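**Student:** For this one, chain A is given, so just place chain B on it according to the hints.
There are 2 protein chains.
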Amino acid sequence: MKYSKRLSSMQESPIRKLVPYAIDAKSRGTKVYHLNIGQPDIKTPKGFFDAVKNFDSEVLEYAVSPGIPELIHAIRDYYTTYDMHFNDSQILITNGGSEALLFTIMAVCDPGDNILAPEPFYTNYNGFSQCANVTVKPITTKAEEGFHLPSKEEILSRIDPNTKAILLSNPGNPTGTVYTRAEIDMIAQIAKENDLWIIADEVYREFVYDGLEYTSFGNIEEIEDRVVIIDSVSKRYSACGARIGSIACKNTGLISQILKLCQGRLCVATLEQIGAVELYKTPTSYFKEVNNEYRKRRDVLYDELMKVDGVICKKPTGAFYIVAKLPVENAEEFVVWMLNEFSDENETVMPCPAEGFYATEGLGRDEVRLAYILNEKDLHRAAILLKEGLEKYVTLKKSEVLAGSEA
Amino acid sequence: MKYSKRLSSMQESPIRKLVPYAIDAKSRGTKVYHLNIGQPDIKTPKGFFDAVKNFDSEVLEYAVSPGIPELIHAIRDYYTTYDMHFNDSQILITNGGSEALLFTIMAVCDPGDNILAPEPFYTNYNGFSQCANVTVKPITTKAEEGFHLPSKEEILSRIDPNTKAILLSNPGNPTGTVYTRAEIDMIAQIAKENDLWIIADEVYREFVYDGLEYTSFGNIEEIEDRVVIIDSVSKRYSACGARIGSIACKNTGLISQILKLCQGRLCVATLEQIGAVELYKTPTSYFKEVNNEYRKRRDVLYDELMKVDGVICKKPTGAFYIVAKLPVENAEEFVVWMLNEFSDENETVMPCPAEGFYATEGLGRDEVRLAYILNEKDLHRAAILLKEGLEKYVTLKKSEVLAGSEA
Numbered sequence: 001m002k003y004s005k006r007l008s009s010m011q012e013s014p015i016r017k018l019v020p021y022a023i024d025a026k027s028r029g030t031k032v033y034h035l036n037i038g039q040p041d042i043k044t045p046k047g048f049f050d051a052v053k054n055f056d057s058e059v060l061e062y063a064v065s066p067g068i069p070e071l072i073h074a075i076r077d078y079y080t081t082y083d084m085h086f087n088d089s090q091i092l093i094t095n096g097g098s099e100a101l102l103f104t105i106m107a108v109c110d111p112g113d114n115i116l117a118p119e120p121f122y123t124n125y126n127g128f129s130q131c132a133n134v135t136v137k138p139i140t141t142k143a144e145e146g147f148h149l150p151s152k153e154e155i156l157s158r159i160d161p162n163t164k165a166i167l168l169s170n171p172g173n174p175t176g177t178v179y180t181r182a183e184i185d186m187i188a189q190i191a192k193e194n195d196l197w198i199i200a201d202e203v204y205r206e207f208v209y210d211g212l213e214y215t216s217f218g219n220i221e222e223i224e225d226r227v228v229i230i231d232s233v234s235k236r237y238s239a240c241g242a243r244i245g246s247i248a249c250k251n252t253g254l255i256s257q258i259l260k261l262c263q264g265r266l267c268v269a270t271l272e273q274i275g276a277v278e279l280y281k282t283p284t285s286y287f288k289e290v291n292n293e294y295r296k297r298r299d300v301l302y303d304e305l306m307k308v309d310g311v312i313c314k315k316p317t318g319a320f321y322i323v324a325k326l327p328v329e330n331a332e333e334f335v336v337w338m339l340n341e342f343s344d345e346n347e348t349v350m351p352c353p354a355e356g357f358y359a360t361e362g363l364g365r366d367e368v369r370l371a372y373i374l375n376e377k378d379l380h381r382a383a384i385l386l387k388e389g390l391e392k393y394v395t396l397k398k399s400e401v402l403a404g405s406e407a
Numbered sequence: 001m002k003y004s005k006r007l008s009s010m011q012e013s014p015i016r017k018l019v020p021y022a023i024d025a026k027s028r029g030t031k032v033y034h035l036n037i038g039q040p041d042i043k044t045p046k047g048f049f050d051a052v053k054n055f056d057s058e059v060l061e062y063a064v065s066p067g068i069p070e071l072i073h074a075i076r077d078y079y080t081t082y083d084m085h086f087n088d089s090q091i092l093i094t095n096g097g098s099e100a101l102l103f104t105i106m107a108v109c110d111p112g113d114n115i116l117a118p119e120p121f122y123t124n125y126n127g128f129s130q131c132a133n134v135t136v137k138p139i140t141t142k143a144e145e146g147f148h149l150p151s152k153e154e155i156l157s158r159i160d161p162n163t164k165a166i167l168l169s170n171p172g173n174p175t176g177t178v179y180t181r182a183e184i185d186m187i188a189q190i191a192k193e194n195d196l197w198i199i200a201d202e203v204y205r206e207f208v209y210d211g212l213e214y215t216s217f218g219n220i221e222e223i224e225d226r227v228v229i230i231d232s233v234s235k236r237y238s239a240c241g242a243r244i245g246s247i248a249c250k251n252t253g254l255i256s257q258i259l260k261l262c263q264g265r266l267c268v269a270t271l272e273q274i275g276a277v278e279l280y281k282t283p284t285s286y287f288k289e290v291n292n293e294y295r296k297r298r299d300v301l302y303d304e305l306m307k308v309d310g311v312i313c314k315k316p317t318g319a320f321y322i323v324a325k326l327p328v329e330n331a332e333e334f335v336v337w338m339l340n341e342f343s344d345e346n347e348t349v350m351p352c353p354a355e356g357f358y359a360t361e362g363l364g365r366d367e368v369r370l371a372y373i374l375n376e377k378d379l380h381r382a383a384i385l386l387k388e389g390l391e392k393y394v395t396l397k398k399s400e401v402l403a404g405s406e407a
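Top line first, the protein sequences correspond to chains A and B.
Everything in the first sequence is counted per the UniProt record's numbering, starting at 1 for the first residue and increasing by one.
Everything in the second sequence is counted per the UniProt record's numbering, starting at 1 for the first residue and increasing by one.
If you're looking for bench data, these hints aren't it; they were derived computationally from the structure.
Only a predicted model underlies this, so the values are computations on that prediction, with no experimental measurement involved.
Some hints could be false.
The list treats identical chains as one, so a pair stands whether inside a single copy or across any two.
Said to hold, decoys possible - Computed cross-link-like contacts, DSSO-like style, restricted to lysine-lysine with a CA-CA straight-line distance of at most 27 Å:
#	residue 1	residue 2
1	2	250
2	152	2
3	192	2
4	5	43
One chain only, chain A, in its complex shape:
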């Protein structure tokens, strides 16, 4: 039997690809600290569970296709606090940020079209695009430059007649980079001058550290008809399993296109929407605490990383990821080695190789993404293990090279 070409060419999730090695390590009794996945350990606000538990209808009916009005209102009010003013018909509820991205790509691109995205990028951008027979054209950014954007000329040189949109996550996954106001303005200008959509993945909006100013694409009035804001409760409220995302866009024509897709899949889970309404009532003090917690974790991990010779990365200022260039040739081999060969007091750590976050062949082979989603104590231990492992691995590789040259 034949499968479609569109899926055959799709890569396996780089985040999940090495999981079997972790399972093996655990079966040998080794404790594995996971820095490979973005599953936070922060408590989900209790209001979510209370609302779900208080549901007292006897029939679990379909919700309406665009999303329940209570949740749409809540999201509208939430945006108001960021000085973004949508009306209810400009917001659609989706099955997580994932569906929001897939639907938006389908609505702005036909097969053969392409989308620009700064690389390294969230690996599923590729997956969603491939489903839709759309290509992601990378704008390469570098660890040495803290993954900030290249010049306007360089970005312009990537645009062709089939380019329909620029897709960016800000703060960045996997980079943790928060774009400056100047960068946001540059992208806005490029989009305007070249009639492109801006797909702004802002699910990490609250995770910005060091007192940095955050600018949303939703704050720039002159491009408001071309900006689609992708959002999700997953990280903001530590509610990854709820699968509640949203699309906000002032271009009502686009919203009515996407609404057809929403109608096609009927609705998003009713109970999860009811729970999510309560998430949006979470007091801002929650974000302050969570923010402070993540900043501390970032510092723990970053400080430890900086102690290793040859590690290159700028201190990230957002989200909860660090992409670091390691003094190794092949980060995937290093991660496999960490899981198969390395242990200290029967413990090891699992980073995520970063190559899968790049679209350009060969880039990122010596890089890893580290999610700082463990509590401070565990994270400190994980960082020490990473440092130890890395030093041991580098020494081992050097001795192999020496042995090779002597042979």
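**Tutor:** Then chain B, alone, in the frame of chain A:
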């Protein structure tokens, strides 16, 4: 700003298109009996809610991408009672039957490919296919023949080199038709001889009346590597708002292709999966009761319809829909008239025009789909209203024609 062609050409949901007229009628104080949507009023088994309420983790984490093992086991065991034997890795949990269909179409078709489907068909088959730039080629079936399949020759004549699959719902939505063993065998032979996938939408499997034998495509061994079974808890357990569906397929190559899509959207809502495990423990007595209830409802609606001159339909034997040919030229106009002009004791009824369930231009214009999802008393009243409205409308139209010919 430009939108994609793929969505621009997608029709609005025919089921939801006339909803504004119903809202207007209600705002004038008219009670509207809804026969237009498939939202059952049967109680969701309590186990679902109990399981959700008993969830006691403090973090709502991602579930695993293929679906939680407990739910996959439960579905595997469920299939065993129908003499279908899958192993756990041959089942994937999806966001409702909708996602199961979309993912399957994406996995077997590239842009430009087509899928055969007996028409009238579930309108979203078209939507899901258009997302994937795939065409649905209809195999026309007729009210006069109870929407049973045409000859093998006629079906073969629809196949071309880009045909990748046959997609059927059995029992049928919107037709309520249950295919005979001979029809199932014919489709199996056609698929085998022409190397096609069979996408079997069997979400109404339990809704078969009059002691009829039901054959699943999963029961025919010689085609087991080419059958994909789409399933859902929505109708079976009256849990439409849970959005839990599944794909079962013995072709593990196909499953691993679709798993990439599952990984792309990370997971299906965690709590809903936990609840759904309990649904699968529902005793079979539940189905017997529900089945009996729907059979009674079908009889109420069908018997009343048959009293109207010129209505054509065979008594359906499955699901909870009837497609009836009415003695009107344009069923959509009739439905709008029922909502705008007709009322009896301040009550009216809303059928769903069936034209949107056909791919062939012009077919189904004089047909409606009726969902018998109201309790017997309400349904009886709705059927009476439909009969009265129809008779009045037919008389009115006749007098208009007469007036026109006299003028």
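**Student:** Check each numbered hint against the structure and report the violated ones by number, ascending.
**Tutor:** Of the numbered hints given earlier, the structure breaks just one, which is hint 4.
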